[in-house]
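Q: Single-letter residue listing:
2 protein chains.
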Amino acid sequence: MAGIPVVERTADLGTWAQEQRCAGRLVGLVPTMGALHDGHLSLVSRAAAECDVVVLTVFVNPLQFGPGEDLAAYPRALEADVEAAARSGASIAFAPPVEEMFPGEVATNVHVAGLSEVLDGRFRPTHFDGVATVVAKLFAIVGAARAYFGEKDFQQLAIVRRMAGDLSFPVEVVGCPVVRARDGLALSSRNAYLTPEERAAAPVLLRALRSGASAVAAGERSPAAVTDLVGSIVEAEPLAALDAADVVDAATLRTPAVLAGELRILVAARFGRARLIDNVGISTPP
Amino acid sequence: MAGIPVVERTADLGTWAQEQRCAGRLVGLVPTMGALHDGHLSLVSRAAAECDVVVLTVFVNPLQFGPGEDLAAYPRALEADVEAAARSGASIAFAPPVEEMFPGEVATNVHVAGLSEVLDGRFRPTHFDGVATVVAKLFAIVGAARAYFGEKDFQQLAIVRRMAGDLSFPVEVVGCPVVRARDGLALSSRNAYLTPEERAAAPVLLRALRSGASAVAAGERSPAAVTDLVGSIVEAEPLAALDAADVVDAATLRTPAVLAGELRILVAARFGRARLIDNVGISTPP
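Chains as they are written, first to last, in our numbering: chain A, 3 to 288; chain B, 3 to 288.
In isolation and in its complexed conformation, chain A is listed as follows (with noise of 0.2 Å):
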């Protein structure tokens, strides 16, 4: 297996991208916090068969972090990380170290109105600022045609849509399905908190919007009466905490009065020191 390259700085990584562009590649990017999963990896390679070159970053961002978050305990990994992205088609990683993408104080932030301060931007007031902010930043320098995010952060990707959009980043925002483990748990990085029995207990959150959806495949269309069954369920397990259960358009990112269209059910409940988030897509009939 050979290896990447990886580089640590902003103009090495525009230089190469720009080479890349002005060969006629097709360059993608999948922007990541490391401690890469299958679900990362999923991004790769699906980057790999759509783009002519990828590139896979690895950045802790610290914008994105709140007070008391887990800044200081998010795992790292970046040898593993670099190896396994390149098993799975990654050109180049770029692993800047905190002073290279902030060299001062942060003054300037990214806010997309709306989306931002619903769902998990009630618990997380600045996160998603974080979020735009520095995938801002990586659309600046790397000039991708397209850029891979997980649906399992179903909100920051359509955070970055419409941050990409609106500041005409001539970028296409992928997104791609969750990946889960064989009994249901969407991969996270931050499943490694999980006590072997929090993480026995974790799959009661898919079996909680499975539910959700399945009452409104059966004609349900009171969102509370969603939320109500979905937060029921996860608050049957003595190992969770539910933080939210959420029923909303898909596009909007609002509860509407009466569920119609397409429709997103998330959920976010803490299981000891882990956060945890998932959400499944269901849509009525026309």
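Quick caveat, the hints were computed from the structure, so don't treat them as lab data.
Just so you know, these numbers come straight off a predicted model, no measurement behind them.
All C-beta atoms, glycine included, are put in the ideal place defined by N, C-alpha and C.
Fair warning: there could be bad hints in the mix.
Each pair of labels, with its calculated beta carbon distance range [to be verified]:
1. A/40 - B/285: 53 to 61 Å
2. A/119 - B/70: 23 to 31 Å
3. B/260 - A/10: 37 to 45 Å
4. B/243 - A/107: 32 to 40 Å
5. A/99 - B/107: 35 to 43 Å
6. B/69 - A/107: 26 to 34 Å
7. A/107 - B/70: 29 to 37 Å
8. B/105 - A/124: 26 to 34 Å
To give an idea of the chain A side of the interface with chain B (calculated C-beta under 10 Å), a few residues [as the list claims (entries may be wrong)]:
9. 110
10. 115
11. 135
12. 141
13. 170
Following the hints, complete the assembly by docking chain B onto the known chain A.
A: Chain B in isolation, oriented as in the chain A frame:
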């Protein structure tokens, strides 16, 4: 005089700029709101001298006008602008309709903290976010190596420079000296609003700024003494209504307790329906 192409579509400009970059040409960018005067044309000439190709953009950006400001009245003269810019060395003009830049509601906002709240930010609370957001879009579309802004809008220049660095746009932001009429009035598209009497009175701004600079040169180190002097000279002119006189550190735009280093003296005043701004630099001996 051969004409230059005028494009209206973001994608067309992006394709053109990419071709230029890939042909090894240095792309310069001169963002304007049109109604070009010799100040704008000095930016185009400078860009043409330093770059291989020059993009002039003409877009009256609604985001940077507050309620009750002069968005509708702002002078527009696209044909003359393009001709003049071509004579000064522009290679292409980008004159997008509003709906090309903002096809829907604008959810994304770029804010530069600190620099945006001071000085004119006290009077125009959303103005600099509108500037930063639209300039970020232009940087994303064009991928210019250099972008030229006038020092007449000194705070705007500082904010754009900071935004470009913070968001990792690979562009050098170049500030260019104020261009003035013979009697000292800084050229501005808004000078067109002045009656002959107001036009005759308006050079009081530069006289006031120069008196402030002379006081600093003569040893004055009290910010209040300098701004009182500048303000009193403007207020002695019956056709002028002073908004603000300030003296700030040229890098931070903050007023120091004791004047030292690289300073900027700024003034804002209304003459009838025209709100005019101007500034001069002065440094204390090391």
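Q: Look at each hint and say if it fits the structure.
A: How the hints compare with the structure:
no.	hint	in the structure
1	A/40 - B/285: 53 to 61 Å	59 Å, holds
2	A/119 - B/70: 23 to 31 Å	28 Å, holds
3	B/260 - A/10: 37 to 45 Å	41 Å, holds
4	B/243 - A/107: 32 to 40 Å	36 Å, holds
5	A/99 - B/107: 35 to 43 Å	38 Å, holds
6	B/69 - A/107: 26 to 34 Å	32 Å, holds
7	A/107 - B/70: 29 to 37 Å	34 Å, holds
8	B/105 - A/124: 26 to 34 Å	29 Å, holds
9	110	4 Å, holds
10	115	5 Å, holds
11	135	8 Å, holds
12	141	7 Å, holds
13	170	4 Å, holds
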